[in-house]
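There are 2 protein chains.
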Amino acid sequence: MDTPDDAQDRIGRRFTLLAVTTALAATAIAESVEAQAQTSAAPLASWNDGPAKQAILDFVRATTDPANKHFVAQEDRIATFDQDGTLWVEHPLYSQAMFARDRMNALASQHPEWKSQEPFQSVLANDVAAVTQFSERDWAEIVFATHAGMSQAAFLGIVTQWQTTAKHARFKRVYTELVYQPMIEVLAYLRANQFETYIVTGGGQDFVRAYSQRVYGIPTQKVIGSSIVTKYVSEGGKADLIRMPKLFFNDNYDGKAIGIDLFIGKRPYASIGNSTGDREMLEWTSAGDGARLKMLVYHDDAEREYAYGPAGGLPDTKIGTFTQALMDEAKSRAWTVISMKNDWKRIFSFE
Amino acid sequence: MDTPDDAQDRIGRRFTLLAVTTALAATAIAESVEAQAQTSAAPLASWNDGPAKQAILDFVRATTDPANKHFVAQEDRIATFDQDGTLWVEHPLYSQAMFARDRMNALASQHPEWKSQEPFQSVLANDVAAVTQFSERDWAEIVFATHAGMSQAAFLGIVTQWQTTAKHARFKRVYTELVYQPMIEVLAYLRANQFETYIVTGGGQDFVRAYSQRVYGIPTQKVIGSSIVTKYVSEGGKADLIRMPKLFFNDNYDGKAIGIDLFIGKRPYASIGNSTGDREMLEWTSAGDGARLKMLVYHDDAEREYAYGPAGGLPDTKIGTFTQALMDEAKSRAWTVISMKNDWKRIFSFE
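One line per chain: the protein sequences are A and B, in this order. With positions in the first sequence counted from 1, the corresponding number in our numbering is that position plus 55. With positions in the second sequence counted from 1, the corresponding number in our numbering is that position plus 55.
The hints are all genuine.
Cut-off 30 Å, straight-line C-alpha distance, at most; resulting in silico cross-link-like pairs (DSSO-like, lysine-lysine):
1. A:321 x B:293
2. B:124 x B:386
3. A:170 x A:301
4. B:293 x A:386
5. B:293 x A:373
6. B:321 x A:301
7. A:293 x B:373
8. A:400 x A:227
9. A:286 x B:386
10. A:321 x B:321
11. A:301 x B:286
12. A:286 x B:321
13. A:124 x B:293
14. B:222 x B:170
15. B:321 x B:386
16. A:386 x A:321
17. A:293 x B:321
18. A:386 x B:286
19. A:321 x B:286
20. A:321 x B:222
21. A:293 x B:124
22. B:301 x A:321
23. A:222 x A:373
24. A:286 x B:286
25. B:301 x A:286
26. B:400 x B:227
27. B:373 x A:286
28. B:386 x A:293
29. B:222 x B:373
30. B:321 x A:222
31. A:286 x A:301
32. A:301 x B:301
33. B:286 x A:373
Hint data in this document are derived by calculation from the structure and do not stem from the laboratory.
This is chain A alone, in the form it adopts within the complex:
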């Protein structure tokens, strides 16, 4: 499997961070209380001090200290993360939409009708404004045309190949490099405290699984996403799974709470999202007892990344958006809003 050097570097740094954390933890026994405090503060290095960072530290302290009334048994430590806009860049369009566009360009000669037929026409014309207004039905049509008709193994190969070559127009880097370093640190910090970290995405489950281990340290079995039907075929004893142009599960909005229950069967103690598509995931998390971490990433940094939603500036997608209503709800329910501008010391590992 080809791996971009920079992504490899980032993984290397993450493993180094984990190794350092582990080593520090081991020697801390012989160190002073001050040294231990230093160690426990180290994991979120790309975060500025402030209420968001503090909320994460307080949550981990409460749920992992056996003497705390909010202590959570290790087998129940579940944390769920949205992907697009929460773990990596989603503007001007989802990475998966870019993948679909490139797949459509590759397949266009076999489909002359796409040039005059929506939603394909807008995608091929690179009409970003039109694409942001696509409905779920439009997206389904595009997914069926570009993500189906091959085996699971073949699809994995296509996505992997694309991820190593396609680049983001503004940042000129492959998409898997555009993950948020502060969030990589939250994933590592929670895992170092025996939380299982899951991705719960409205995006394609198999698309994300192609790189989740390499990029996020999250294995395929902890990626929950939208999926299409697969068909089991066996010819001459050779078994295969074929991707069909039919929706199986829509893991967005209420689908996120349903998907969490379906795949995990436990209510998360921590959930982080960034849009109305994550609202029910946070609500489902909130409905449990004890200490629960509920956070929304707020894109208010046009200089280093993008500003959209109530922060204005850019057109947001029609599905999964940070509305003023969501901001109001976050305030009324005491969900923590992470300001990318104020809370994040750096956004990308390459900064």
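For chain A, the structure is supplied; the task is to place chain B on it using the hints.
Positioned in the frame of chain A, the structure of chain B alone reads:
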């Protein structure tokens, strides 16, 4: 949560076994090669020496020795187990069918029509012969009538309550005591060798999740089963998931291969089943490279448990049965058939 003393004892013994295994592993460094060989043979104490036990030992040795050409990286060590007839008793009827019957008896006064309407009539009349011939559609009807219409939390409570009181007619014990001790040892042995153990059952996912951690040491997120649709409701900020009378996923036959890919996203290295319902799971496992353990539990012990399938004696269920064709396929594909009579020193922990 109420826990029967005997089940508690069994869990205690399992934990003791694990603790002993761990302690032995730690001291083995200072021990002789002979002592190590002794330690590695200890885990399958309820198995007689023979090809089945040897197949498990050989598989684990090959996949966990870094010098072996069939070594498997830790993150890819996936093992999948059927439940009914593989991990616990399924005769004369699945435990979940007994649960459904008891639920129907409890609800019968609200449904006078059941007395003269199939498939309900046969269940209420305790007509085992008729029930074994039920189709998947019949079972769906019964599940919709007995497993839906309440919240997930309420259903969990109902199943848990039932499991602590309902007893098997022949063995006079709660169903969760009727797990096969040799298989509990296989689960523990594989986990001690860093395999993730999953249940992949045609039975109800949420039914099994109610006791999987306690009985098998398998957490809810590693139980894949058949499921019905759940609906997310939120009233006054109080979120809940309601079970609906509609099939979501049928995790049997080809559904087992599809379910494994959907939930895990990796091909298992080991799969153990006992019926045609597990055929595609074993075939999907076989289709991978390297060392793969494929086994079928064969019920040929009428004295200590039951004899059915090609071993004859008892009527088998219509769906998920050990046919002569499956036995022939197992032989032609070199899938290991576990003879309960010959391979298992004891069947239950209480023997």
